[in-house]
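Build the full structure now, drawing on both the sequences and the hints.
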Amino acid sequence: MKWTGDLAHFPYPFKDSTYRYSNNSIPMKQPFCIEVTPSYKKEMLLKRKLLSDHPERCYQSLPHSITGQWEIVELLIDHLISQYPQHFSVEKENNSWIFFNKILDEKVEFIFGDENSLSCEPLFFISHHVQEDLIYMRQRDDDLYLDAGQLCFPANWSLAFNIGMKFKNIHHPIPGFKEEGLDQRILQFLMRLEAGTPWERLNWSLMAGDRLDTSLETFDQWGKLRKHVTRENAGELVHIRVEVQKLFRLPRTNSILFSIHTHLLSLEQLSTNREWLQQFYEILSELHAHIVEYKGISHYKASLMHYLEEQLERVKAT
Amino acid sequence: MYKESTLSVQISSIVQETEHVKRFTLEIAKGKQLPRFSGGSHISTYLETPKGLLVRQYSLTSHPDDCSHYEIAVRLSEASKGGSRIWHQSMKVGDHLQISYPKNHFPLSFKARHHVFYAAGIGITPFISMMQELRDKGQTFELHYASKSKQYCSFYEFITQHYSEQSHFYFSEDNHRIPTLFLENHLVGTHVYFCGPETFIEHFVKAAKDLGYPKKSVHQERFSPPQLKRVKPFKVSLKSGNEIWVDEKQSMLDALLQHGLNVPYSCKVGRCGTCELPVITGDIDHFDFFLSEDQQNAQNCILPCVSRAKSDKLVMEIK
Amino acid sequence: MKNKAVFINGKRKYIFCGDEQGLKLLSNVLEKGKEEGLTYDRYLLSDLKMTLLQDFLKSQKMGTFVYLAIPFLVLQQFRKALEDIGYLEEDVQYIGYGERKIPVFCCRCHEINMSNQEQNRLFCNRCSLELEVSDHYSAMHNAFLGYVAKL
Ligand code: HEM
Ligand code: FES
Ligand SMILES: [Zn+2]
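Chains as they are written, first to last, in the working numbering: chain L, 8 to 325; chain V, 61 to 379; chain W, 5 to 155.
Some clues are possibly wrong.
DSSO-like, lysine-lysine: derived pairs with alpha carbons at most 30 Å apart [what the hints assert, rightly or not]:
| id | chain 1 | residue 1 | chain 2 | residue 2 |
| --- | --- | --- | --- | --- |
| 1 | L | Lys36 | L | Lys48 |
| 2 | W | Lys84 | W | Lys15 |
| 3 | W | Lys53 | V | Lys171 |
| 4 | W | Lys8 | V | Lys269 |
Hint data in this document are derived by calculation from the structure and do not stem from the laboratory.
In structure tokens, the structure reads:
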């Protein structure tokens with residue numbers, strides 16, 4: 008499948024011409040957890056195939072997460088129908104719900120809160136209707152634990168490994184995170200997250216290739232492309248990957264829903280915007296070596312810089 | 061002024077629970093739903109008064125899964141600065157008001173194998189929804205509830221009707237008090253929860269500590285800011301060069317707000333961390349329940365809703 | 005997981021528990037407890053069987069502190085049992101001794117492989133991928149993540 012990014016709707020992630028790790032979360036202007044983009048159908052097809060072919064890789068849950076999963080179903084359906092009433096609707100009679108997905112022409116009947124009324128777990132069910140990956144962070148005593156999740160489009164991490172893990176442990180592989188005390192600050196920030204006031208942040212990385220499903224489990228396959236980047240093909244082959252991450256407090260289980268919507272754009276497309284090109288070049292030139300390494304850019308950074316310089320020359324010439 | 065997102069509700073019934081306590085039922089507009097909540101949750105209520113907005117926190121005593129209405133119980137307090145007085149004297153069925161989304165600063169422990177609740181007076185309120193949640197999950201708990209007498213005991217009937225096996229009452233009129241000795245008998249895996257007047261909480265927290273209870277097994281809920289033992293006035297000096305005087309009767313947060321500084325805040329009792337501000341120099345007396353010990357010792361940030369200066373002056377990083 | 009027991013003050017009761025070798029490792033804290041005239045129990049875990057110990061630990065009251073010294077190879081299963089009873093991290097010191105194996109989670113097939121302490125590369129038993137052992141640890145799997153060693 009060849010990926011064509013949507014330039015007009017691309018969530019360009021940079022504000023300054025330098026990049027550091029920080030708590031870059033901001034309160035959401037529109038408190039909706041999901042976004043339906045023009046590639047909805049295509050992505051749902053891919054997502055559903057991954058969920059059925061690789062359930063262990065894409066879906067994990069602990070037994071005590073079920074109440075929280077229903078809470079996520081309620082929140083997502085509520086957001087789908089209020090934001091996209093032309094595409095989604097629900098009929099409720101007491102606890103009997105009928106959910107309609109008009110884009111895919113589907114109808115699902117179930118009894119809210121009754122696990123036996125669905126053929127799968129509630130989070131698994133609702134995952135089939137949204138482009139976002141969905142992570143359920145349960146507050147247990149003084150910490151947050153990854154107690155359930157549906158993850159089809161990870162940026163090189165493993166849900167199967169991370170299931171049941173605490174927030175700080177999850178972020179252990181990130182260089183400098185602990186040393187700078189960022190993990191503690193962000194955890195405290197999340198612990199004080201309140202219902203009714205959701206937050207969002209953008210995360211970015213680069214990849215060679217255009218797969219959405221860059222799981223750690225398949226890294227030995229897709230990672231190889233990193234070695235094939237040249238200054239000639241970088242524009243086509245290298246993609247910037249931006250995750251729109253949203254954080255909602257779920258008041259019933261006092262937990263947090265972390266949703267991730269992944270967008271891809273080739274550097275060729277990114278370069279069509281002069282300011283982006285210039286800023287992105289500056290950021291990469293200045294990016295700390297440990298972040299370059301962590302984001303997996305080291306292999307091809309030189310070719311990439313050559314490519315961007317060429318583009319800048321070209322732009323200046325016109 | 062900073063204000064969080066709120067829900068609009070209407071008072072649909074008022075019940076005189078005891079001589080000093082009224083229960084209020086709050087309903088959301090037809091067709092809409094209130095959020096579900098977890099055991100131990102509370103809401104902030106916003107009361108419009110001629111002097112401005114009064115924000116007060118009350119535990120939710122309705123069923124956590126009931127999305128049609130919330131219930132709170134308000135005790136008329138003699139020392140009331142207006143909150144409970146307005147609730148008791150001015151609020152009528154049909155009145156509209158704004159409330160916050162449910163928040164929980166007093167959640168049930170996940171690790172606990174058994175839960176023991178110690179309540180005094182109106183401190184019973186958070187335990188009502190906590191008991192409901194534990195019953196739904198099939199977990200074990202007990203309640204020890206101190207009150208002046210049966211007549212003054214809020215939720216007495218409700219509790220005896222629903223939780224008679226788990227509950228024990230202690231009426232001071234009959235000379236019954238809850239002995240802290242009880243803490244000696246709880247098996248490993250027990251978590252204890254205290255809610256009531258400051259002295260009650262302190263007494264039990266100390267007894268648990270003396271026995272060697274780990275901090276994480278001891279939970280406490282306060283609705284009033286902790287009582288300050290050494291309150292003195294001090295100065296706050298800002299980046300702009302301006303200085304603000306904080307006298308002994310007001311919090312530093314209130315002083316900053318009065319001077320038009322846009323400091324965000326939420327709980328005002330040192331629990332949520334929203335009001336955190338960086339400090340450049342000055343000795344800080346921390347009274348919050350949010351910052352870790354290390355963060356408090358670092359002496360470089362303050363939660364001004366409860367914490368104050370030990371020195372005469374704090375130099376702040378704010379404009 | 006420590007190699008040496010450290011004395012913790014202010015508990016109403018102490019339990020010093022271990023196999024023979026383990027109890028030796030606890031002698032310093034046990035002596036200290038005796039000196040201070042504290043309430044304590046010494047529990048010899050002669051056959052490393054959990055059931056009896058479990059009943060004993062379950063019947064303890066809040067404020068009890070446990071020192072548990074046993075071979076590294078069985079330590080994790082005891083830790084799990086104690087947590088299930090309701091002992092918090094703060095209530096217990098685990099002292100391990102002897103041989104250590106490092107469990108390594110294969111990033112490709114999720115198999116947990118046992119590696120020696122010195123090894124930082126190994127081949128997965130199940131899918132044969134060459135793994136590089138990291139310090140990314142999962143308490144739930146009790147394993148370290150093994151990443152793809154070379155592309
Ligand atoms: C609560 C839900 C969250 C979950 C489940 C989560 C999970 C993750 C995971 C799995 C990774 C990859 C780690 C690896 O390499 O194995 C990651 C990376 C990261 N996370 Fe989070 N995270 C959450 C919230 C946050 C928040 C609120 C921030 C705020 C600043 C944050 C900042 C980061 C950063 C900076 C990285 C490194 C990304 C990169 O350089 O590409 N995370 N997160
Ligand atoms: S307002 Fe919540 S800690 Fe100050
Ligand atoms: Zn393998």
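Now the hints, each set against the structure:
1. L:Lys36 with L:Lys48: holds, 26 Å
2. W:Lys84 with W:Lys15: holds, 22 Å
3. W:Lys53 with V:Lys171: holds, 25 Å
4. W:Lys8 with V:Lys269: Distance ~26 Å between Lys8 (chain W) and Lys269 (chain V) Cα, so the pair holds.
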